[in-house]
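The hints should help you fit chain H onto chain P, whose structure is shown.
Chains as they are written, first to last, in UniProt numbering: chain P, 1 to 397; chain H, 1 to 397.
Since the hints were derived computationally from the structure, they do not count as laboratory data.
No residue lacks a Cβ here, since even glycine has one placed at the ideal position from N, Cα and C.
Any given hint could be a false lead.
Under 10 Å between C-beta atoms, here's a sample of chain H residues computed to sit facing chain P [said to hold, decoys possible]:
1) LEU4
2) ALA178
3) SER232
4) GLN246
Protein chains: 2
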Amino acid sequence: MTPLLEGLRVVEVSAFVAAPIGGMTLAQLGAEVIRIDPLGGNIDIGRWPLAPSGTSLYWTALNKGKRSVSLALNTPEGQEIAAALIAEAGILITNLPAEKGWMSYAELSKRRPDLIMLRVTGTHDGANAIDYTVNAAVGFPIATGEDERPVNHVMPGWDVAAGLYLATGLIAAERRRARTGAGGEITLALSDVAYATVANLGYVADVQLNGHVRPPLGNAIYGAFGRDFQTSDGRRVMVAAISNRQWRAIGKATGLTERLALIGQVMDVDMEDEGGRYTARDAICAVLAPWFAARTLAEVRKAFEGSGVLWGAYQDFGQMVREDPRCSTANPLFHEIEQPGVGRVLAASAPLQPALPPRPASPLGADTDAVLAERLSMPAERIAALREAGILPRSAA
Amino acid sequence: MTPLLEGLRVVEVSAFVAAPIGGMTLAQLGAEVIRIDPLGGNIDIGRWPLAPSGTSLYWTALNKGKRSVSLALNTPEGQEIAAALIAEAGILITNLPAEKGWMSYAELSKRRPDLIMLRVTGTHDGANAIDYTVNAAVGFPIATGEDERPVNHVMPGWDVAAGLYLATGLIAAERRRARTGAGGEITLALSDVAYATVANLGYVADVQLNGHVRPPLGNAIYGAFGRDFQTSDGRRVMVAAISNRQWRAIGKATGLTERLALIGQVMDVDMEDEGGRYTARDAICAVLAPWFAARTLAEVRKAFEGSGVLWGAYQDFGQMVREDPRCSTANPLFHEIEQPGVGRVLAASAPLQPALPPRPASPLGADTDAVLAERLSMPAERIAALREAGILPRSAA
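One chain only, chain P, in its complex shape (with noise of 0.2 Å):
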């Protein structure tokens, strides 16, 4: 079957989370993806977690399959490859600051009339934010945990969006560009992926309409029934129902039934609606709690097992990578890969299925004299010449 994106070709001229996400998801789907860095690697070269060798896991995960080439971007002469590359290629996506300059779209679109030109800015007016700096402005950190005290989330979600965003609006403006010619500059500021998302959460108008903020809650899901529970053995599983046919399974699963069934008159609720479970949750743990307290998890697993409970385990990274199979090549998801830097290793496809099996990252600069070659028609001697110049990177690559 025909790779979803074959024949797009971009350039990413990025650093951290959201562009390079952006660009591998295209890379993954089929698209052909050049980063170009400065030489010497952009900031997050070295970002940890790092191999026994100093290559970076995090660098190297974040820009699998991608062509990658280096020059001396601090220089006129090194614009001036990176800006025909660009042009080449036709369409940008960047986090680096090009709002002015050689790399802004006024520039380029010099060059290349219809460029599309995807831009991942910190806030809307300009400012500078990462997803932690953002995070803590969109509320959900002093929402999250036991009380009003901020606990950052680990995951860098709004990273992550921002790089789906971009992938999505990439494609979106090829397919506007391929039916009326018209290419344009598009974009993204990271703030505003996090309260477009409070926004179409309901947070924002709950505020508005109600006067009322969405409080900490510990591990319970808010208007709902889902909380934590310890078992026997000191672990911990997260069990919700978000119908009333997952709620029913637990009573039938846990043999609570009557007992939960009851709760409804103590806590006069409805049972049988997810409000009043959320209202009622502290009754329905003190119920729940003594029956997981009594099991090990395997035996909780067990008593679950086709019972049409929606629950899971607790793991930390280190139980998820060496005992569950969802996290192995007995998942299609997975697949091992030999990274150049870095060794054997699982990596990831798109999660979108069929998917084409993932590459490893080049190391950096490794394709530059390939791609000036290929994509600007550039003699052996002139690529010599530059690289004795000091604008391309010394090491043959």
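Chain H alone, transformed into the frame defined by chain P:
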């Protein structure tokens, strides 16, 4: 300017967050999206938060800009109409169980051989899962907060990312169909979104190669400098440095450059390296904390203005809505809309700018008659007969 997805037509049969965000994103970019629900709505119709009227603020916010059709989907007639609408649009996005039966790809593609179908599942092997149970499994709650007790994330990051993967995959699949004529079924497991992301951030390889499990670090950033600080007026701010320039800005703005530099000797680390600053984070915080504790948030803001320091104040949802201009019509992201059943609320456009202004959600079933007439050329008498037979919503829609 032509909207990015002009002419794209999609049917969505969905509930909750992932598929609705996918469909809404397409609608925000100009696609015509019809959401089909059972009579009375799907199980997300009453999801919290609610407006004073009882209308779900969550449902209306997640279905903005879609047309709404409701049908007796548990009857052969209702299924026949839904299948005809799907075949007519040529693209279906769903997170309902559709591996078998009338809504399966095998059945629907009999009517429309080039059908594109995007189908969300819980796990890749068909088990049920939601954001909370998936997140429990992939390590983030245990890595969140001060210790190994799991702390659930409040932002449904996997649902949001899944919705955006759906949008990406759908537009990519339509691109391929436009070029090759081929449709196809694409599946997306919510849990695969999470497992892939953990691997994409390097945490899987960190376990495999180093036997290292990223620990809970409270509000500190892993592998760089960043943490929260309390101000003299009881507010908290997040401060980070992911580049040397940002690090130097902190020293300059606080007047603590020399003392911070001495930490390098004290802790025997390279303070010009983000790994060194991570290792020395407790010493850094010991030096910085009194500076914040002696200043109000307003004083911190003044000291950091134009300084290049990467920081942000924590806000709860209420402070965000009431005090932050980024969450107001001063930000082009937001518009005020009149949402039927709810009233006047702030609503977000797509964060990809320039964006179409947000449109309200259609009330459940409100477009049923119009869509059946337009798309299936159904005569008024037939619509009336279907209403009489209980296949269409009773209320004049």
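The hints, checked one at a time:
1. Restraint check, H/LEU4 versus chain P: the minimum CB separation of about 4 Å is within 10 Å; hint holds.
2. Here the hint on H/ALA178 is kept, as its CB sits about 8 Å from the closest CB of chain P, short of 10 Å.
3. Annotation: H/SER232 was flagged as interfacial toward chain P, and the flag is violated, the nearest CB pair being 17 Å apart, outside 10 Å.
4. Satisfaction of the interface hint for H/GLN246 is found here, the shortest Cβ-Cβ separation to chain P being roughly 8 Å, below the 10 Å cut-off.
Consistency with the previously given hints fails for number 3 only.
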